[in-house]
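**Q** The hints should help you fit chain P onto chain X, whose structure is shown.
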Amino acid sequence: MTDAEYAWLIAAAALAASVALLAFALTLYVIYRRGTAQVARDQILNYLKANDFTMMSLERIRDRINQDYNDEFLKKLPEYFPNQLRRAVLKDKDGALTRPGLARLKEDYVEQPGERAAH
Amino acid sequence: MLVYVLAALATVVVILSVFHFVPPRFIRWVLCGLLLSLLPLFLVALSTWKQGSEEFSQAFLTEELLAVGLTLAGAAGVEAFAAPPPFQPIRRGIGLTTILVAMTCVGLYVLFKIGGQNLSREFVKQIELIAFCSAAILSLFSVLVAGP
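So the sequences go chain by chain: X and P.
Per the working numbering: the first sequence = residues 1145 to 1263.
Per the working numbering: the second sequence = residues 2 to 149.
Just chain X, with the same shape it has in the complex:
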C-alpha cells in the first residue's frame, strides 16, 4: 500500500468513526429519553389503576409520583404512548376546565360526565 493510499484510508476511517460516534450519541439520547418516558408512563398508569382513577392533573403527578416531571415532559407522554395515555383537562375548584392533566385509555372506554378524576 502506498503512502497516499494509507492517508486515504486513515481519512476514510476517521470520517466513518466521527459519523458513527455522532449517531451513537444521538441513539443513546433517544434510548434514554424513551426509557425515562416508559418509567413515567408505568408510574402514572399504576397510580391511576391502583386508585381507580381515569385521569389526573399534572400537578398531582408531580405531587404524588415525581416532582422532577415538568409540564413539557408530561405533555409529550401521549405522543410517545398514544394507545395508553391521552391529554385531558380537569376541573378546578370553581368547576372550570383549566387544569391540564393526563388520562389513561381503556379498550371499551367511553368518557362519562362526572367520572371520577384525581385533581
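It is worth saying that the hints were derived from the structure and are not from the lab.
There's no promise every hint is true.
[Stated by the list, open to error] The following label-pair restraints were derived from C-beta to C-beta distances: (1) G108/P <-> E1216/X: 23 to 29 Å; (2) L32/P <-> R1177/X: 25 to 31 Å; (3) Q118/P <-> K1220/X: 54 to 60 Å; (4) L101/P <-> K1220/X: 24 to 30 Å; (5) E64/P <-> Y1173/X: 32 to 38 Å; (6) W50/P <-> N1190/X: 27 to 33 Å.
[Claimed, not checked] Over the 10 Å line for every Cβ pair with chain P, so calculated as not near, a few chain X residues: (7) E1149; (8) L1192; (9) R1208; (10) I1209; (11) D1212; (12) Y1213; (13) N1214; (14) K1220; (15) R1231; (16) G1239; (17) L1241.
[Unchecked claim] Only some residues are given here: those of chain P computed to face chain X with a beta carbon under 10 Å: (18) P24; (19) P87; (20) Q127.
We treat Cβ as the ideally placed atom computed from N, Cα and C, and that holds for glycine.
**A** This is chain P only, laid out in the frame that chain X set:
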C-alpha cells in the same frame, strides 16, 4: 481489525443490555438480519481458507460482504427516516445519514472498481471493510432509534 469491529458491536449491545433498553426488534435484526446474512459468507470464506488459497480475512472481505452491509443500511435507514414521532428529527437525521453513507459507499466502491486498477488489492479490501463497518454500525443505530 474485523475482530475489533465485531467486539465493538458486541460491546455496544452489552452496554445497552445493562440499561435494559434493547428493544426486541434490535435482537431480531441482529439475529435474522446480520447473522443470517453473514453466515453464508462466513461458510464460503471458511471453505476458501481451508483450501489454502488465501487468508481468511481476504476470503471474507468480498463484494458480497459489502452488498450485505449496504442492503442492511439501506433498509434500516429508510425505516428510521420514515419513522413516526416522537424523536422524528433525530430518527430522520440518523436514517438519512445511514442512507447517505450507503450511497456514498456504493459510489466510492464503483469508482474504485472502474477507475482504480492501479490501486493495491489491500487498499481496496480495507476500503470494503470500512464501508461495511460504517453501513453495519449505522444501520444498527437506525434500527435502535426507528421504533420501540
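**Q** Against each hint, give a clear statement of whether it holds in the structure.
**A** Structure-based check of each hint:
1. G108/P <-> E1216/X: 23 to 29 Å: violated, 42 Å
2. L32/P <-> R1177/X: 25 to 31 Å: Because 26 Å falls inside the window, the suggested range holds.
3. Q118/P <-> K1220/X: 54 to 60 Å: holds, 55 Å
4. L101/P <-> K1220/X: 24 to 30 Å: holds, 29 Å
5. E64/P <-> Y1173/X: 32 to 38 Å: Roughly 35 Å apart at Cβ, these two residues keep to the hinted range, so it holds.
6. W50/P <-> N1190/X: 27 to 33 Å: violated, 56 Å
7. E1149: violated, 4 Å
8. L1192: Check passes; 21 Å lies beyond 10 Å.
9. R1208: holds, 25 Å
10. I1209: holds, 20 Å
11. D1212: holds, 19 Å
12. Y1213: At roughly 16 Å from the nearest Cβ of chain P, Y1213/X sits farther out than 10 Å, so the non-interface label holds.
13. N1214: Holds, because the least Cβ-Cβ distance between N1214/X and chain P comes to about 16 Å, which exceeds 10 Å.
14. K1220: Given a closest Cβ separation of 7 Å, the condition is violated.
15. R1231: Non-interface label stands for R1231/X: nearest chain P Cβ at 14 Å, farther than 10 Å.
16. G1239: holds, 34 Å
17. L1241: holds, 26 Å
18. P24: holds, 9 Å
19. P87: This interface hint holds because 5 Å falls under the 10 Å limit.
20. Q127: holds, 5 Å
The structure shown violates the earlier hints numbered 1, 6, 7, 14.
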